[in-house]
Structures are given as structure tokens and as C-alpha cells.
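Undergrad: What follows is the residue order along each chain.
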Amino acid sequence: MRRRILRSVLLSFLVFRAAFAFAQSSRELRFCLRSEPKTFNPLLVADDASETIRYLTGGVLVRLNRLTQQLEPELATTWKVSDNGKTITFKLRENVRFSDGTAFSAEDVAYTVQQLMDPALHSPTGDSFRSGEGRVVTQVVGRNEIVVTFPAPVVGLDKLFDQVAIMSAKSPEKEMAVLGPYRVAENKAGAYLLLKRNPNYWKHDAAGRPLPSIESVRLDIQQNRDIEMLRLVRGEIDLINSLDAEYYDKLVAQAPGMAHDAGVSLDSEQMWFNQVANSPLPDYKKAWFSSTNFRRAISESINREDLVRVVFRGHARPAVSWISPANKFWFNSRLQPHPFDPKAALQALTQDGFKMQNGVLHDRGGHAVEFSVITNAGNKYRERMATMIQQDLAGIGIRLNVVTLDFPSLIERITRSFDYEACLLGLVNDDLDPNSQMNVWLSSAENHQWNPNQKTPATTWEAEIDKLMKAQASTLDVNKRKQAVDKVQEIVWQQEPFIYLVNKNAMSAVSTGLHNAHPVALRPQVYWNIDQLTLATEVAKSR
Amino acid sequence: MKWARIIAISFLVLVAMACVLADFIAPASYGHQFRNVSDGAPSRQHLLGTDDLGRDRFSRLLYGSRISLLLAPAAALLSSLLAAIIGGTAGFVSGRIERGVMAMTDLFLSLPWLFLLITVRALLPLNVSPLTSAVITFALLGSLGWAAAARVICADARTLRASDFVLLARASGNGGARLLWRHILPNLKPVLYAQFWVSIPVFILAEANLGMLGLGVTEPLPSWGGLLRELESFSAFSAQPWQFAPLALFIVVVACFHIALPRKEFSA
Numbered sequence: 001m002r003r004r005i006l007r008s009v010l011l012s013f014l015v016f017r018a019a020f021a022f023a024q025s026s027r028e029l030r031f032c033l034r035s036e037p038k039t040f041n042p043l044l045v046a047d048d049a050s051e052t053i054r055y056l057t058g059g060v061l062v063r064l065n066r067l068t069q070q071l072e073p074e075l076a077t078t079w080k081v082s083d084n085g086k087t088i089t090f091k092l093r094e095n096v097r098f099s100d101g102t103a104f105s106a107e108d109v110a111y112t113v114q115q116l117m118d119p120a121l122h123s124p125t126g127d128s129f130r131s132g133e134g135r136v137v138t139q140v141v142g143r144n145e146i147v148v149t150f151p152a153p154v155v156g157l158d159k160l161f162d163q164v165a166i167m168s169a170k171s172p173e174k175e176m177a178v179l180g181p182y183r184v185a186e187n188k189a190g191a192y193l194l195l196k197r198n199p200n201y202w203k204h205d206a207a208g209r210p211l212p213s214i215e216s217v218r219l220d221i222q223q224n225r226d227i228e229m230l231r232l233v234r235g236e237i238d239l240i241n242s243l244d245a246e247y248y249d250k251l252v253a254q255a256p257g258m259a260h261d262a263g264v265s266l267d268s269e270q271m272w273f274n275q276v277a278n279s280p281l282p283d284y285k286k287a288w289f290s291s292t293n294f295r296r297a298i299s300e301s302i303n304r305e306d307l308v309r310v311v312f313r314g315h316a317r318p319a320v321s322w323i324s325p326a327n328k329f330w331f332n333s334r335l336q337p338h339p340f341d342p343k344a345a346l347q348a349l350t351q352d353g354f355k356m357q358n359g360v361l362h363d364r365g366g367h368a369v370e371f372s373v374i375t376n377a378g379n380k381y382r383e384r385m386a387t388m389i390q391q392d393l394a395g396i397g398i399r400l401n402v403v404t405l406d407f408p409s410l411i412e413r414i415t416r417s418f419d420y421e422a423c424l425l426g427l428v429n430d431d432l433d434p435n436s437q438m439n440v441w442l443s444s445a446e447n448h449q450w451n452p453n454q455k456t457p458a459t460t461w462e463a464e465i466d467k468l469m470k471a472q473a474s475t476l477d478v479n480k481r482k483q484a485v486d487k488v489q490e491i492v493w494q495q496e497p498f499i500y501l502v503n504k505n506a507m508s509a510v511s512t513g514l515h516n517a518h519p520v521a522l523r524p525q526v527y528w529n530i531d532q533l534t535l536a537t538e539v540a541k542s543r
Numbered sequence: 001m002k003w004a005r006i007i008a009i010s011f012l013v014l015v016a017m018a019c020v021l022a023d024f025i026a027p028a029s030y031g032h033q034f035r036n037v038s039d040g041a042p043s044r045q046h047l048l049g050t051d052d053l054g055r056d057r058f059s060r061l062l063y064g065s066r067i068s069l070l071l072a073p074a075a076a077l078l079s080s081l082l083a084a085i086i087g088g089t090a091g092f093v094s095g096r097i098e099r100g101v102m103a104m105t106d107l108f109l110s111l112p113w114l115f116l117l118i119t120v121r122a123l124l125p126l127n128v129s130p131l132t133s134a135v136i137t138f139a140l141l142g143s144l145g146w147a148a149a150a151r152v153i154c155a156d157a158r159t160l161r162a163s164d165f166v167l168l169a170r171a172s173g174n175g176g177a178r179l180l181w182r183h184i185l186p187n188l189k190p191v192l193y194a195q196f197w198v199s200i201p202v203f204i205l206a207e208a209n210l211g212m213l214g215l216g217v218t219e220p221l222p223s224w225g226g227l228l229r230e231l232e233s234f235s236a237f238s239a240q241p242w243q244f245a246p247l248a249l250f251i252v253v254v255a256c257f258h259i260a261l262p263r264k265e266f267s268a
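Top line first, the protein sequences correspond to chains H and V. In terms of our numbering, the first sequence opens at residue 1 and continues consecutively. In terms of our numbering, the second sequence opens at residue 1 and continues consecutively.
Next comes chain H alone, as it looks inside the complex (with noise of 0.2 Å):
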């Protein structure tokens, strides 16, 4: 008898806890970061991990809305640039407040920008705004209004703010006093984060109830990708945000309606060949990969098209210059991508004296054709690229040997030695504005990465892409801007500093329980619109 009773407790012990938990889990959205954040100061952030929090958390003044790509309203109701660019206007909302309940004005917004700007700071977000040397100046005009005067003209200056959350000037709880969705409540180091909706949240819906609807967010820790991919599908979580080719075609055979394709990303895959004129390359090598008919036959020699389909399963596509496609009013969309043409490829090499000799290709001194492409260890996407790229070469008579480094050994041989001939990487790009890649196309730049750091540009080409970047720099017009990038878009497809090879797309997994949910190719792509995202759960209690 007394054991009966025992075990009718226990039932109903596990039954309500059971209840409990469902009803807690649905009312709370679950999905996975890869590490742990690094800072939940949103003006520190240079990680995945805090950059999400920051989208979660911080309120903004204004947001670009990822699927239109324009900006729209946040904080600040209105704002204005003036016409020198150096100068920009914000109206803020009113009745504003912090998840502490401190109130919002735009003596907040001086501070942000401040401590955005102290040098002291090293703020990674900050960068963006350093455009010239001297102090900004912050303008506090009354409680609702304030104007920020930077030192020189900063093109795009008002997107740069969707990455801008604002911090109180007052609160004790510090950055942990947000403006966005969501606070956080809970951090248990190397486990999850959870994170609670902010009471004072500004937004409501048409209906006037408070938003976000749901109601909080667990983040779990999770490196292993195929933990992460079996606890979608069990239901343990609704979404992840970026998979690759290989785990995205896994899902569409498992659960189909959960894998989201958004089409082609902003991020890029290029090769190109080191033309550093102290380089400790021999000097027939130097000159095959400075010449353009050298680079524009390896370039015709890759059949792109093959490594979309074969690498990438087809979740990619050919790339044609240094703004992907994605960027819809950046790129330059009369051009195409370099077509896999060997043939012409040979006609060329033959301009500049190489010659085919029993299968191998040997240039004017005699030299067999032979050069080696590094790439970072463990990247099995790159490698398999390299490894397409060296049967697609053969075909032509050039042997190339595929090398995979760590990633600091390939650092070392990319921007100090230089003892490396060519090379393949990726680059991710979040930013819309060409202006974010001065520092890779001006002669000059560190990161100009075929030959850095020149003092005067080395080529007539580059001394066009240095005049055209300034020119657009320097610009508000953004017709005349758009003209100068779509020339340096059309130089760089003649030249090909960089042979560009693929643009990925962007690829998620968003449960069928997760409503709103519209996958874009801008970062974030699934919760860029958290605070239209609803759980099946409320759907049906709203109806």
C-alpha cells in the first residue's frame, strides 16, 4: 500500500514537472553559440558569440533591415547627415527606458559615442568612425536631440550606428543596463546564457501588446556541429543560424522543412599570387605572377562551376569581383564571372612566351611550370578547393603543389616573410559599404594582400583603384560613389589581383515550431527580426 502511494507521487511528480517544462520551453527560443562571449561590453565586441548578444541586447538608433537592406528607425525617430558628412542629427524617441528602468535621453547617446571614440577603449566598432585625427564632438541640443560631429567626413556614417548600442550614462548596473529585446539574466560560464525579455522594452505590435513575444532566450555552448544538428532535430532546439554545405544537404534529407537557403552570402573565396617585389621568390617566378595574361589563364583555367557544384553541393556561386552579388546596390551586375575556358588560357600564356612541352608547361627560360597555393589546415572546404584547382591546372601543364598550414604559420608567410606563392583564403564580410575594404584595395593598405604596404602604388592599375577608392571615400554623392566602385569592380575583373572563385550561400536551420522566421544572407540570418519571432505555442494563443 504504502509503496502504491510512493509511486502515484512520483507519477504525478514526474508528470507536473514534465508540464512544467514544456510549458517553460515554449515559451523560450533555444539555439546554440559556437563559444563562449568574449565581453558583453557592446563596444568591445570582435566575436560571433558577443555579437550576438550585442543583437540581442543592445538598442540601436537606427537598424538595417537585413532583407531590405535599408535602414530604418530604432532609438532615434529621425536623423539627418549633413552635407560635409562629418556631421550627423538625431531625434530620439521618447519615454524611453533601460531594462533597469533607468530613463533614456540623449545624454546616453554622448556617452556611447565617447567612450566609442577613446582611443583608450581600442573599440573594434569604433574603427569604423576613425576617419581623420581630433576629438568628435557630442552636442546634447535637449533631452530628445543630440548632434555628433566627427573630425573628417565618414562615409556611411549613419549604417555605421546599426552596430552602435547605446549604454546609460547612469545606470549602476552598467552594460548590463540594455535598450534591446532582451537582458541578460543568466550566464553559466561554458554552459548556456539565458536570456530574459527586457520589461521596458520600447516595441509593441499592432495590437499593442509588448514585444518581443517570446518571452526568453537560451544560448547553449555547443562547439560539436553534429550534437547541434541532432538536437534540432529532436526539438531541443529551433534554429542555427550558419551551416554548411555538407550539414545543410544532411538536414534537407532529414527534415527538409527545416533547412533554409538564402541564397548567395556576402562572404568570398579568392586566390591570388604573391607579387611582393623583395619577396624571396626566384625572379622568373616574380615575373609570371605579375603578369596579367599569367593571371587571367589560371583564372579561365578554374572551372568555377565545379566547385559550386562538387565543394559547395551546389550552395554557392561563381564569383565574379570583390562585392558579392548579395550587396544588391554595390555590385557591379555587368560583369561575369571569368568562364572555364583552358583553351583560351594556353592562347594567353602563349602571348607571354610559355610553352607546352610533352604534356608540361615551361616558360620562355625553360622553367616547368610549378608553383605551390597554401591554405589553413582544417578547412576542408579549401582544401578540397585547392585540390580541384591543382586537376584543373594539370590540365594545362601546370603542376601545383597544395599546401596546408596552421593558420599562424600561414599569417607569418602572408604578411611578414612573404615566402609563399600563392595563396587561398576567405573573406567575411558583414559590411554593405565598399568603403569597409579601403584597407585591402589601397595600395598602401596592410591588407592589400598580392603586395602590401607599397609606398607608391607598383602598378598603373593599382595607382586607378588607389585614385577611384579615394575619390569615393571622399564623396556623399552615392551615384558618383557607386560609379568609382563599379570601375574598380571592372578593374580587378581585368587584372585579378584576386582570382575570386566562389561567394557561399547562406544557409540555416530553423525549426517548423518557430514562426516569422525569415532567413536572410545578411548576419544574422535567422534572428535578425527577434522581436517578431514567435513560438508555435503563442501562435495559437493569440488566435
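To be clear, the hints were calculated from the coordinates, so they are not data collected in a lab. Since this is a predicted model, take the numbers as computed values, not measurements. Idealized CB from N, CA, C, for every residue including glycine. There are no misleading hints in this set.
Label-pair distances were calculated between CB atoms; the ranges are:
id, chain 1, residue 1, chain 2, residue 2, range
1, H, A394, V, P42, 22 to 30 Å
2, V, P112, H, Q139, 52 to 60 Å
3, V, F34, H, M356, 22 to 30 Å
4, V, L77, H, S444, 51 to 59 Å
Given the structure of chain H, go ahead and fit chain V onto it with the hints provided.
TA: Coordinates of chain V only, in the frame set by chain H:
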């Protein structure tokens, strides 16, 4: 047991023959990419399917076995020889020399090999053929893998030196070199054999790990290590059991080696 040995030896001979005759048996070149059938299932053209670049898995297994079954034992032989020379001599001479050599061995064992190997890779030229990269990799493994074995052999040599039969040989007028060559080394053989056989699978797996540092056998040349690395991308979501063929062959070959060898070789 006798039958087990016969079967094991027959299997090893079969594998060895297949590797030697890979040029004739393999249906395709190990590097050729059949790009229209990448990640393909087993078929009449591709007995073990194709890998993610469309290369014939069966051909790659044959050529990979040839590389690994030739170079891993060569590396094991090199490391066992170094261990025999260093450990055997230290144990036989004993005294200060033994202590000095063992201190050096301990120092060698305590070195951070990962960082050292990264440095070694940084010093190597980039333009080396895949075959040269394979030889360099296994030569490195062979020349670095002697220290643990040297400790075991040194201890054994020390024990042998104090044994009755060595005392008797010494009393009979046998000198140092003759004593070492005729009495000590033959008795160290079982330990050396054991070290040799144990090193082979260790070196094969080490080569797979070195690939992550860019030190392994380079593309497109296959090796067991490289083929085992493909299992990295195996997940509960993919149903491609034929991906396990290299792992199965690796396990069976190592097991057959152990069965095929006389028991006394492992008595140490």
C-alpha cells in the same frame, strides 16, 4: 591457432600483393576526380564508391595502403633501431653514461612536439612533391619516435647485463662488443619486435593527425592517415558505411600482424 595464423598470413600476403599490383588492379588513378559522381555509393565502376571530390575510394585505398604499409614500417624500423642503439648502449654501459643518456631521453620525451613540428613545417620548402612529403613525414615520425622505446630497452638491457648468463660469458673472457652483439642484443629482440609492431599503427595515426598541421602526406597522394581523416566528416546523419573501409582494413591488418607473428615475439 595454427589456422588463424595461416588465414592471417594469407590475408596479409593478399593485401601486400594488392598494394604492389595497385597499378593493374586499381580501376582509376588515385587522384582522378570523377566530378559527376562525387560522394557516390558503391557501384560496378567504383567498388567502394567515390569520395567528396569524386575520386575512386577503392583505388585510393590500394595506393594509400601501399604508401602506409611501406613507409609506416620503415619509420617504425628507424625508430626501433635508434631506440636499440641509444637504449641498448645506455643500459649495457650503465653508470654515468646511462644516467646522462636517460636524462636526455626524458628531456626528449618532455619536449612540446606539437610546436616543434609546426616549426619544422615552417622550415620546410613549400614546393615538394606529394611523394617527398610522404617520405619527409614518416622520416620525421621515425626519427622522433624512439625515446619511449629507448627507455624500455635500456631497462631490459640493464637487467640482462646483471643476469647470470652474461656474468658467465664475461667470466669466460667475452669483451664489451662481443658481449653486446652475441648475448645482449639477441635477448633484446622480443622487446624490439614488440616496439616495432606497436609503432606501426601509432605512426599511421600520427600521420593522420599531422595532416591537421599541414605536415602529412599532401594531396592528391592518399595514405591511410589521410583516408582515416575523411571520417572526420562522418556523422550520424550520413548513411555511408563504406566510408569505414579504410578503418576496417587498418584494424584487420594490424590484427593479422599480431596473429601472424609467433607468440614469443610478444613475450617481452
